[in-house]
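A.B. asks: Here the protein sequences line up with chains A and B, keeping their order. With numbering that gives the first Met the number 0 applied, the first sequence covers 0 to 286. With numbering that gives the first Met the number 0 applied, the second sequence covers 0 to 286.
Hints are not guaranteed to be accurate.
Since copy identity is lost for identical chains, a pair holds within one copy or between any two.
[Said to hold, decoys possible] Result set (DSS-like, lysine-lysine): computed pairs, CA atoms no more than 30 Å apart in a straight line:
| hint | residue 1 | residue 2 |
| --- | --- | --- |
| 1 | K119 | K138 |
| 2 | K138 | K178 |
| 3 | K183 | K50 |
| 4 | K138 | K165 |
Everything labelled a hint here was simulated from the structure, so no lab data went into it.
Okay, here's what each chain looks like letter by letter:
There are 2 protein chains.
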Amino acid sequence: MRQSQLFTKTRKEAPKDEVSKNAELLIRAGFIHKEMAGVYSYLPLGLKVLKKIEAIIRAEMNAIGGQEIFLSSLQEKALWEKTNRWSDEVVDNWFKTKLKNETELGLGFTHEEPLTRLMKDHIKSYRDLPLSAYQIQTKFRNEIRAKSGIMRGREFLMKDLYSFSKDEKEHALFYEKAKKAYTKIFDSVGLGEKTHIVIASGGSFSKYSHEFQTVTPAGEDIIHICAGCKLAINKEIFIEYQGKGCPDCGGKKFNEEKAVEVGNIFTLGTRFSEPLGLTYIDEKDQN
Amino acid sequence: MRQSQLFTKTRKEAPKDEVSKNAELLIRAGFIHKEMAGVYSYLPLGLKVLKKIEAIIRAEMNAIGGQEIFLSSLQEKALWEKTNRWSDEVVDNWFKTKLKNETELGLGFTHEEPLTRLMKDHIKSYRDLPLSAYQIQTKFRNEIRAKSGIMRGREFLMKDLYSFSKDEKEHALFYEKAKKAYTKIFDSVGLGEKTHIVIASGGSFSKYSHEFQTVTPAGEDIIHICAGCKLAINKEIFIEYQGKGCPDCGGKKFNEEKAVEVGNIFTLGTRFSEPLGLTYIDEKDQN
Chain A
0 MRQSQLFTKT RKEAPKDEVS KNAELLIRAG FIHKEMAGVY SYLPLGLKVL
50 KKIEAIIRAE MNAIGGQEIF LSSLQEKALW EKTNRWSDEV VDNWFKTKLK
100 NETELGLGFT HEEPLTRLMK DHIKSYRDLP LSAYQIQTKF RNEIRAKSGI
150 MRGREFLMKD LYSFSKDEKE HALFYEKAKK AYTKIFDSVG LGEKTHIVIA
200 SGGSFSKYSH EFQTVTPAGE DIIHICAGCK LAINKEIFIE YQGKGCPDCG
250 GKKFNEEKAV EVGNIFTLGT RFSEPLGLTY IDEKDQN
Chain B
0 MRQSQLFTKT RKEAPKDEVS KNAELLIRAG FIHKEMAGVY SYLPLGLKVL
50 KKIEAIIRAE MNAIGGQEIF LSSLQEKALW EKTNRWSDEV VDNWFKTKLK
100 NETELGLGFT HEEPLTRLMK DHIKSYRDLP LSAYQIQTKF RNEIRAKSGI
150 MRGREFLMKD LYSFSKDEKE HALFYEKAKK AYTKIFDSVG LGEKTHIVIA
200 SGGSFSKYSH EFQTVTPAGE DIIHICAGCK LAINKEIFIE YQGKGCPDCG
250 GKKFNEEKAV EVGNIFTLGT RFSEPLGLTY IDEKDQN
């Protein structure tokens with residue numbers, strides 16, 4: 000399409016209530032439109048950028064054997080109760096809605112539960128493993144404050160890949176493959192130099208996780224980057240490493256920087272497969 | 000990807016509560032997964048088909064000058080009140096939800112309102128017209144019954160194109176272009192032979208609309224197809240034509256068939272631009 004036919008116009012000012020620099024600039028350039036706090040629509044130029052990023056991600060996910068799927072946003076209460084993630088006291092960012100018959104539904108803020116459940120139809124034996132599936136689609140998160148523009152929206156496009164392995168060893172191999180794929184993605188989009196693998200807390204899932212954090216003054220996280228290598232440690236657990244030094248190179252000098260989380264990987268173990276009853280017939284029991 | 004690596008398996012039986020033939024077959028073949036009544040996820044093979052259809056549609060929309068955008072699903076109450084479409088008494092298939100501060104939101108079942116509003120930033124003068132924008136994205140509709148599988152879901156992918164013209168003449172030209180683009184799409188996906196342009200009621204928008212209906216025993220609509228040409232008339236308004244005959248060829252013989260609506264086009268006039276205040280500076284007032 001010719002530039003002269005593009006319907007969007009640039010604007011001198013963003014809406015007065017826009018407090019985020021990224022949204023302000025993208026609105027003024029006609030890439031996005033603000034619908035309400037934390038909710039943005041993508042105009043032709045913004046969507047073009049989004050699709051280019053999607054294509055880069057898709058290629059790397061396919062390269063490690065990821066199979067693309069598209070899961071529903073509407074989520075069943077009974078499913079999430081099985082993993083104890085339905086309650087608003089446990090998960091604080093659900094958007095909930097109702098069918099006409101008053102049945103409660105949620106809007107997917109993540110998709111471990113439905114994906115694990117559907118895999119019960121497809122994983123039967125150790126021969127079906129390992130496998131991984133991914134999606135690039137809208138997540139809904141009912142953030143109390145939404146002041147970071149498209150960096151932390153209430154509705155946003157996210158890629159999530161889920162892997163299923165027969166044991167910890169198989170999982171560890173895939174974990175490393177995924178880590179490399181993520182690194183390639185950030186290199187391809189031109190963020191490689193400023194993006195660090197960061198050791199962080201695993202939250203409710205595991206002791207540690209690996210985050211990918213890009214250094215920027217707009218970042219909401221603080222990371223400590225090893226001066227000797229590229230590894231970094233999230234501020235939330237830095238105290239554990241301050242004495243020991245960098246787990247990769249042993250260096251003791253760290254530089255503190257603001258950064259934004261652009262991806263992360265973590266080990267879920269049997270956190271979802273167990274309550275949802277996803278099991279397989281092992282090699283030794285096959286006959 | 001090799002067939003041997005595909006994670007989905009075929010199944011002998013669909014879930015017992017599945018009453019739709021299309022969903023039953025697609026579930027058994029491993030193309031889709033049923034999440035709940037009227038809500039399906041797309042597995043790798045299903046998503047591949049969906050993306051092929053998307054690509055065909057996208058090419059035809061681009062060919063008539065449509066510019067692709069991606070609008071939010073979360074919708075603001077105040078916006079829809081302006082066009083009198085917020086109330087559940089007026090629109091019977093809203094899914095509604097709430098922000099943490101109790102502000103009510105809806106999930107887009109269609110997107111005339113947000114698109115018209117955002118165009119206020121981009122349409123200023125007659126020189127900006129005509130223009131058209133389209134999206135291929137999820138709509139949410141709170142159907143009371145959902146027994147038709149993926150033919151009438153509670154959450155489904157839809158392409159909608161919206162056009163803006165400076166007067167009725169310009170609109171009529173675009174309307175005919177869009178009609179031809181739709182015909183090409185149904186030809187490309189292999190439904191051309193069985194798909195008819197159907198004169199139907201315009202519902203709450205206009206006296207008549209044009210539907211595209213594909214003849215199939217699974218159809219929920221009844222159409223009367225002119226035996227002399229390909230035009231058809233929807234049962235709901237057939238009585239008006241029974242005496243006069245076919246408006247295209249004058250033929251008086253019609254064959255009644257079951258059909259499914261696969262698309263439609265209608266003239267909205269100023270139904271949305273007026274309440275939302277979308278206006279432009281006309282040529283004669285430009286200086």
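A.B. asks: With identical chains treated as interchangeable, where does the CA-CA distance between K119 and K138 reach 30 Å or less: within a copy, between copies, both, or neither?
C.D. replies: Answer is both; intra-copy 23 Å and inter-copy 28 Å each pass.
A.B. asks: Cα distance capped at 30 Å. Does K138 pair with K165 within a copy, between copies, both, or neither?
C.D. replies: Within one copy only: 28 Å inside a chain, 37 Å across chains, cut-off 30 Å.
A.B. asks: Check K138 against K178 for me: Cα-Cα at most 30 Å, and say if that holds within a copy, between copies, both or neither.
C.D. replies: The answer is within: 22 Å in one copy meets 30 Å, while 34 Å across copies does not.
A.B. asks: Should K183 paired with K50 be assigned to within, between, both, or neither, using CA atoms and 30 Å as the limit?
C.D. replies: Both: 17 Å inside a chain and 25 Å across chains, each within 30 Å.
Consistency note: the structure conflicts with none of the earlier hints.
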